[in-house]
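Starting from the given sequences, assemble the full structure and let the hints guide the process.
Sequence order for the protein chains is A and B. Note that the working numbering has the first sequence beginning at 153, numbered continuously upward. Note that the working numbering has the second sequence beginning at 33, numbered continuously upward.
The set of hints was computed from the structure by calculation and includes no laboratory data. There's no promise every hint is true.
[Unchecked claim] Pair by pair, the computed Cβ-Cβ distance ranges are:
no.	chain 1	residue 1	chain 2	residue 2	range
1	B	Pro-43	A	Gly-264	26 to 34 angstroms
2	B	Gly-131	A	Ala-204	41 to 49 angstroms
3	B	Thr-66	A	Val-226	38 to 46 angstroms
4	B	Asn-92	A	Glu-225	40 to 48 angstroms
[Unchecked claim] A partial selection of chain A residues facing chain B, derived with a Cβ cut-off under 8 angstroms:
no.	residue
5	Asn-234
6	Pro-237
7	Val-262
8	Leu-265
From a predicted model like this one, the values you see are computed outputs, not experimental measurements. The C-beta atom is built at its ideal place from N, Cα and C for all residues, glycine as well.
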Amino acid sequence: MSDFITSVKDNNSIVIIETNGYLNNVGGEAVSAVVYEKMTQGHKKFLINMAATKIVNSIGVSILIEIIEKLQEVDGKIGYYNLAPIVAKTFTIMGLTKYSSVFESEEAAVNGL
Amino acid sequence: MKKPTVELKLPILPNMELVATQTAEVISRHMNLTEDQGAEISMALIEACINAFEHSKAENNVFINFLIEDDSLVIKVIDQGIGFDKTKVQIPKIENKIGKDERKRGWGLQLIQELMDSVEFESTGEGTTVTMKKNLKH
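Pasting the structure below:
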């Protein structure tokens, strides 16, 4: 597993990916590798806990857009929680919030996705 | 009296933009900028550096000047690359990217403009200077 991903777990058939550090191209590709592998196993719902990711760049976030696109093909969903304010603002500017969901906590995310 | 200035010279290596953000964090604290303002400056700086590193085709270093003004922080990101024509840069929209062949990247200028109070681009065939300004608000 990449250093960027600290854990992957299932909660109520939702795959929860916990990240750590800078979401750049390397981090984005680490997330997409996990998501695409889980999709081959039939998973369609994903959450990313970004509590330990305080900084991102647009290349890493663009990879999340690619993931959203892949999930749309199988009627899947992705959401995020524990976002730093600047990460939430970046997601809003780039429009991710139109196609995926931001939650305050894991409980809210698991119930709301 | 001359205004305080911090100057960085960054080699084009992976994640060197984080050197710039660490400097920006120190300056933001020195200027008593809010936490949100500091984070917005760092994000804009990351995008400006990535553009300079990746898109300018610059082979030399990228220079970053932080100018500490009484009422604002001015940051200049300077590369010696091939330049670009801003009028040919389209404003990205996610609607045009999801489910389409359009590349998913290309958000840097949009993010810089949204996160800073003013942005100016000067570009020729010999390089680009991006001048970004964040006004103080306490």
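Broken hints, numbered, in rising order?
Of the numbered hints, 1, 2, 5, 7, 8 do not hold.
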